[in-house]
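Peer 1: Please model the complete structure; the sequences and the hints are all you need to start from.
Just so you know, the sequences run in chain order A and B.
Using the numbering used here, the first residue of the first sequence is number 1, and each one after it goes up by one.
Using the numbering used here, the first residue of the second sequence is number 1001, and each one after it goes up by one.
Keep in mind that a hint or two might mislead.
[Stated by the list, open to error] Taking lysine to aspartate or glutamate and the DMTMM-like style, the derived pairs with C-alpha atoms no more than 25 Å apart in a straight line are:
id: 1; chain 1: B; residue 1: Lys-1249; chain 2: B; residue 2: Asp-1359
id: 2; chain 1: B; residue 1: Lys-1318; chain 2: A; residue 2: Asp-81
id: 3; chain 1: A; residue 1: Lys-63; chain 2: B; residue 2: Glu-1369
id: 4; chain 1: B; residue 1: Lys-1315; chain 2: A; residue 2: Asp-75
id: 5; chain 1: A; residue 1: Lys-172; chain 2: A; residue 2: Asp-158
id: 6; chain 1: A; residue 1: Lys-55; chain 2: B; residue 2: Glu-1357
id: 7; chain 1: B; residue 1: Lys-1318; chain 2: A; residue 2: Asp-41
id: 8; chain 1: B; residue 1: Lys-1318; chain 2: A; residue 2: Asp-85
id: 9; chain 1: B; residue 1: Lys-1318; chain 2: A; residue 2: Asp-78
id: 10; chain 1: B; residue 1: Lys-1318; chain 2: A; residue 2: Asp-75
id: 11; chain 1: B; residue 1: Lys-1081; chain 2: B; residue 2: Asp-1368
id: 12; chain 1: A; residue 1: Lys-55; chain 2: B; residue 2: Asp-1381
id: 13; chain 1: B; residue 1: Lys-1315; chain 2: A; residue 2: Asp-78
id: 14; chain 1: A; residue 1: Lys-55; chain 2: A; residue 2: Asp-71
id: 15; chain 1: A; residue 1: Lys-63; chain 2: B; residue 2: Glu-1098
id: 16; chain 1: A; residue 1: Lys-55; chain 2: B; residue 2: Asp-1368
id: 17; chain 1: A; residue 1: Lys-63; chain 2: B; residue 2: Glu-1086
id: 18; chain 1: A; residue 1: Lys-55; chain 2: A; residue 2: Asp-78
id: 19; chain 1: B; residue 1: Lys-1315; chain 2: A; residue 2: Asp-81
id: 20; chain 1: A; residue 1: Lys-63; chain 2: B; residue 2: Glu-1357
id: 21; chain 1: B; residue 1: Lys-1318; chain 2: A; residue 2: Glu-20
id: 22; chain 1: B; residue 1: Lys-1315; chain 2: A; residue 2: Asp-82
id: 23; chain 1: A; residue 1: Lys-55; chain 2: B; residue 2: Glu-1369
id: 24; chain 1: A; residue 1: Lys-55; chain 2: B; residue 2: Asp-1359
id: 25; chain 1: B; residue 1: Lys-1315; chain 2: A; residue 2: Asp-85
id: 26; chain 1: A; residue 1: Lys-63; chain 2: B; residue 2: Asp-1368
id: 27; chain 1: A; residue 1: Lys-63; chain 2: B; residue 2: Asp-1381
No lab work stands behind these hints, which were simulated from the structure alone.
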Amino acid sequence: MTAPAPQTRIDLVRVAEMVEPGSRALDVGCGDGALLRLLADTRGVDGRGIELSQKGVHDCVAKGLSVIQGDADTDLVDYPDDAFDYVILSQTLQATRQPKVVLEHMLRIGRRAIVSFPNFGHWRIRAQLAFRGRMPVTESLSYAWYDTPNIHFCTIRDFVDLTREVGARIEKSLALDGKGRPLQVNLPWWAWNLLGEQAVFLLRRK
Amino acid sequence: MGGPAPNLNGSTLEADAPSSLVARFGPDRPLRLDAGVGLTPLTIAYQTYGALNPAKSNAFLICHALTGDQHVANRNPVTGKSGWWETMVGPGKPIDTERFFVICANVLGGCMGTTGPASTNPATGKPYGLDLPLVTIADMVRAQAMLIDHLGIETLFCVAGGSMGGMQVLQWVASYPDRVFSALPIATAARHSSQNIAFHEVGRQAIMADPDWRDGRYLAEGVSPSKGLAVARMAAHITYLSENALHRKFGRKLQDRAARTFSFDADFQVESYLRHQGATFVERFDPNSYLFMTRAMDYFDLAADYGGSLPGAFKDAKTRFCVVSFTSDWLFPTADSRAIVHALNATGASVSFVEVETDKGHDAFLLDEPDLFAATRGFIDAAARARGLRPARSR
Chain A
1 MTAPAPQTRI
11 DLVRVAEMVE
21 PGSRALDVGC
31 GDGALLRLLA
41 DTRGVDGRGI
51 ELSQKGVHDC
61 VAKGLSVIQG
71 DADTDLVDYP
81 DDAFDYVILS
91 QTLQATRQPK
101 VVLEHMLRIG
111 RRAIVSFPNF
121 GHWRIRAQLA
131 FRGRMPVTES
141 LSYAWYDTPN
151 IHFCTIRDFV
161 DLTREVGARI
171 EKSLALDGKG
181 RPLQVNLPWW
191 AWNLLGEQAV
201 FLLRRK
Chain B
1001 MGGPAPNLNG
1011 STLEADAPSS
1021 LVARFGPDRP
1031 LRLDAGVGLT
1041 PLTIAYQTYG
1051 ALNPAKSNAF
1061 LICHALTGDQ
1071 HVANRNPVTG
1081 KSGWWETMVG
1091 PGKPIDTERF
1101 FVICANVLGG
1111 CMGTTGPAST
1121 NPATGKPYGL
1131 DLPLVTIADM
1141 VRAQAMLIDH
1151 LGIETLFCVA
1161 GGSMGGMQVL
1171 QWVASYPDRV
1181 FSALPIATAA
1191 RHSSQNIAFH
1201 EVGRQAIMAD
1211 PDWRDGRYLA
1221 EGVSPSKGLA
1231 VARMAAHITY
1241 LSENALHRKF
1251 GRKLQDRAAR
1261 TFSFDADFQV
1271 ESYLRHQGAT
1281 FVERFDPNSY
1291 LFMTRAMDYF
1301 DLAADYGGSL
1311 PGAFKDAKTR
1321 FCVVSFTSDW
1331 LFPTADSRAI
1341 VHALNATGAS
1351 VSFVEVETDK
1361 GHDAFLLDEP
1371 DLFAATRGFI
1381 DAAARARGLR
1391 PARSR
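Peer 2: Rendered as structure tokens:
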């Protein structure tokens, strides 16, 4: 096992830390395969990926990763129950058409699910909407409202509600600041919801 | 009075005396056919490239398509042209002959030296014609397995092929799950579609409507249903391309003339092109073999052989898969490849799936497609690492 390369996105490291070494994982929306690579290199994970963009799939397959071209909204239905130890959705939840259905499938296909997402409740986002009267555009959410692929934003508290609705148990949760550092764990939900730029949840079926 | 003049084009010469390596299997080892009979004797004509390593772990089998042959990466003895997959196979190519021992056999029922309808039936001394039992994709693969046994190879590092070759790849994994380490089915399907059976039927009817077909006995009678075979090839060739590719290449351009001739001459370039495709094809392919090949594809329905469940066909496989399709392929559309991928997902297999963006249609797998090369190279290199094969020489 090697230390992650220094340029690795810090939120991916946080996700990877939640995965048991030697397990089987499916990364939904795996992009260029950075997380799959990290999981294989640092945790010996047998990883698979689904990616919508042709370029992402090509990059992954050219790196020797097992990735299929597909869509989280339509293709998860084809996976059998309990096929993986973990199903991971990293920074993709907000781009799905049916986040609840996607989450339900994740909890069906995997014994655990890991979801990381941008927190729309962060104070900077609230401030843009409240004081400037504009749809927020931040460093991590850099799209204008008319061309964003992100169609289903939520806050940390919204997501917690969704986990209850789909009957998931939260095993771990993290809120990360702008640099990907975890906020103190003993802060109340409202503080995470205000100060966390991103959140990472480890869920399992009840 | 002498017999009819022998009708020997390049392929009928190759059928009994191939310019290839040959493996012969006598009456002690008949090939059991799906049609319920044994075939003996059996000849398999094949080519190899590169060297088998001492561990015999680097064997790479290529399965050819409907009108392909074993001459993957060498000058073709009939056409004089370069091998049909030299874009993909050779030193430093994705299928690297400096690393892998590449094998390609002429398929059962073919006309380039493996036993087929143009081969001489030892029982009669005449070409088999329609006396050869119909063969299936599974029969072709069973024959290839006999060759692989003959070469002393237990497990193939990879089995790759496009179109009908891809069907054989899938059949290999289904029939011999422990003998295939990785599989690369390209532009193919786990079953032949109704539309594709329909196109094949048009081709067969064109051949059988030619008065020189003579119920399949044309070789013995010294004639050839060349017109019928040419029409079959012309129709099929359209399905290998795409509307965009045809339009880009030919548009409505006229052939060597300034104006329409108000006749049924080949006014349009696209007509002239198709006629040329038909005319050159009949020089190298046996009409009965065309009937046999198309029928084998029509009969292919892998799920049907496993209780209607495609995942059932792959349930024992530890094989690593890379499935490739092309956006403009309407003969084996991406949906066909997705059906394979879904079945593999259901078994928890290791599978990659790439849809290559191109307007070149089904034939794209034979053409210069950098995205195809990048994806297959990445897949093959990763599989080679997992198999413990030495890395590619850096270039």
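Peer 1: Would you pick out the hints that fail for this structure and give their numbers low to high?
Peer 2: none
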